[in-house]
Amino acid sequence: MDATTKKQLQATACKVRMGVIEGTFNAKSGHPGGSLSISDLLTYLYFVNMHVDPSQPQMSDRDRMVLSKGHCAPALYAALAQRGFFSYDELKSLRHIGAMLQGHPCIHTPGVDMSSGSLGQGISAACGMALAGKLDNAAYKVYTILGDGEVEEGQVWEAAMFASHYKLDNLIAIIDNNGLQIDGAITEVCSPEPITDKFAAFGWHVITMDAHDFDSIESAFNEAETIVGKPVAIIQKSIKGKGVSFMENQVGWHGKAPNKEEYDKAMAELSAQLRELED
Amino acid sequence: MADIIKKATRESYGEALAALADKYPNLVVLDADLAAATKTGIFKKACPERFFDCGIAEANMMGVAAGLATAGKIPFASTFAMFAAGRAYEIVRNSIGYPHLNVKIGATHAGISVGEDGATHQCNEDIALMRTIPGMTIINPADDVEAKAAIEAAINFDGPVYLRFGRLAAPVFNDTSSYKFELGKGITLRDGKDITIVATGLMVSEALNAAKQLEAENIDARVINIHTIKPLDKDIICKAAAETGLIVTVEEHSIIGGLGSAVAEAVTECTPVPVVKIGVNDEYGHSGPAVDLLKEFGLCADNIAAIVKKAISNKK
Chain A
1 MDATTKKQLQ ATACKVRMGV IEGTFNAKSG HPGGSLSISD LLTYLYFVNM HVDPSQPQMS
61 DRDRMVLSKG HCAPALYAAL AQRGFFSYDE LKSLRHIGAM LQGHPCIHTP GVDMSSGSLG
121 QGISAACGMA LAGKLDNAAY KVYTILGDGE VEEGQVWEAA MFASHYKLDN LIAIIDNNGL
181 QIDGAITEVC SPEPITDKFA AFGWHVITMD AHDFDSIESA FNEAETIVGK PVAIIQKSIK
241 GKGVSFMENQ VGWHGKAPNK EEYDKAMAEL SAQLRELED
Chain B
1 MADIIKKATR ESYGEALAAL ADKYPNLVVL DADLAAATKT GIFKKACPER FFDCGIAEAN
61 MMGVAAGLAT AGKIPFASTF AMFAAGRAYE IVRNSIGYPH LNVKIGATHA GISVGEDGAT
121 HQCNEDIALM RTIPGMTIIN PADDVEAKAA IEAAINFDGP VYLRFGRLAA PVFNDTSSYK
181 FELGKGITLR DGKDITIVAT GLMVSEALNA AKQLEAENID ARVINIHTIK PLDKDIICKA
241 AAETGLIVTV EEHSIIGGLG SAVAEAVTEC TPVPVVKIGV NDEYGHSGPA VDLLKEFGLC
301 ADNIAAIVKK AISNKK
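In the order they appear, the protein sequences are chains A and B. Residue numbers for the first sequence follow my numbering, beginning at 1 and rising by one. Residue numbers for the second sequence follow my numbering, beginning at 1 and rising by one.
Rather than coming from a laboratory, the hints here were simulated on the basis of the structure. All values derive from a computational prediction rather than experimental measurement. Glycine included, every Cβ here is placed at the ideal spot set by N, Cα and C. It cannot be assumed that every hint is accurate.
Far from chain A, some chain B residues (derived; all Cβ distances over 10 Å) [said to hold, decoys possible]: (1) A66; (2) A69; (3) N94; (4) E125; (5) Q213; (6) I255; (7) G288.
DSSO-like mimics (lysine-lysine), calculated; alpha carbons at most 30 Å apart, straight line [claimed, not checked]: (8) K230(A) x K45(B); (9) K45(B) x K134(A); (10) K23(B) x K134(A); (11) K23(B) x K167(A); (12) K193(B) x K309(B); (13) K295(B) x K309(B); (14) K295(B) x K310(B); (15) K309(B) x K234(B); (16) K45(B) x K167(A).
Computed Cβ-Cβ distance ranges for the label pairs, DEER-style [claimed, not checked]: (17) H165(A) x K45(B): 43 to 53 Å; (18) G135(B) x E261(A): 36 to 46 Å; (19) H165(A) x K6(B): 29 to 39 Å; (20) G135(B) x S60(A): 17 to 27 Å; (21) G245(B) x P57(A): 48 to 58 Å; (22) I227(A) x K6(B): 47 to 57 Å; (23) A185(A) x G55(B): 31 to 41 Å; (24) A36(B) x N259(A): 55 to 65 Å; (25) Y284(B) x H165(A): 27 to 37 Å; (26) H165(A) x H286(B): 28 to 38 Å; (27) I97(A) x G135(B): 17 to 27 Å; (28) A36(B) x P57(A): 52 to 62 Å.
Using the sequences and the hints, build the whole thing.
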């Protein structure tokens, strides 16, 4: 990836992170930690990889995204707003009564391809979309993002078995391996590791990537494009809370909104990062 | 009089899907390793390229159905009622109901007429569970003719539909040439002024037989077939309440949350009259031949007639 493109993506990811902070601060609730760990991923998908058109969110040949870890909706919404599906101001009414942006993704929001958030369910819907694509000989890809805690749900492995059995090579699941879930470290709560080996054992092509390095992200998705006859699992090694110093690797920021002081501090950090990137 | 033909509505399900495959190219069928029992195997044989076995994984099957529906397919997700409504309840609620996707759930082996398999497989709670999901349509057809018509109506209806089918062969009392299925409309099968028997599914023919018995004792019973439990035809129920002043409901389902509850809820808001519920009384079933179980649990014409007589004498 050339330096200019990379810088642009980093700047966009920074804006997505600001949207996460904006949304959760105004909502006085929500999940900033896991939203920040997928901000680079969503930026890459919506600004490089995915074939979407904000003026035609229902376009039949669009690539699909199912945010299986739906509690990280603030990042999805921030990315969709950056991409032009709706205005940035919508983020300020996240989770409010009468607002378009629900606490977890709702299919009626422009750009949201599936209602999700009850963990383990999104990957099954993504399998259904991928199967429909196969039936229609359509060229679209289906992306789904799961949490590393989420893979403790049994339904994930039912879906993993299905995707492999039906050779859904138009399906790419990204597992956000930030190592933390609500009750603590995933290895201490009820370890789902080794996640990589498990997907491989279920017949998936497995790739690992650095979730905060656009070269690594690009190389992972380029590899995924070449895989035929198997679904692809990308295990992204990430940092929960990435980009906001006091949120990084802190399990307490899983599902807590920043207060005014924390909001100002986070926004100041992200603004400084953005200024540096845009210089 | 010719012998009455009997056929299980699960057979109707498999046959209808196969028969409709060409007419509806977006129709796809999913099953969870029960194709031989749910009879979707008939569809699989006719149209293998649109049949997908999900293995013994009902939660994923419901989610896959949801995903297919987002892309314009009309999936029929098929398994036993116990697993469709019970095991996969939350997936049906959140992945199908909440986004209001065009998924049809074909739930076979409902009620205690599952028979020998016993309590773990006898689902008497599915109607109650599905009724609580906003926007879910629930259809419980009474015989082969009604089941086949209901399946095509469900295909032509945009939204989630729960279709309930039985394992046991049921008398075919409707006539294909004259039968017309209207979603959400009850059918008065027999007029009467003394009492109304409201029945659904397998119990409709038992209710008709009970009405015949009662006629011999000078009791004029109206019989209403409610094939669509949700949305309920409140007009036909409230009219019956006003005109007959007494209602007995009959269903092969728990008396908690099913047809009887739906009817009672409707009646209390329009014309409060006594509603006596016949169904499975807050208990589990057990193993045994289906017909014997139905008798044991009072889901037969003799018991319906006895309860009706008791209800009438209580009212006087």
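Item to check | Hints not upheld, ascending by number | outcome: 1, 2, 3, 17 and 28
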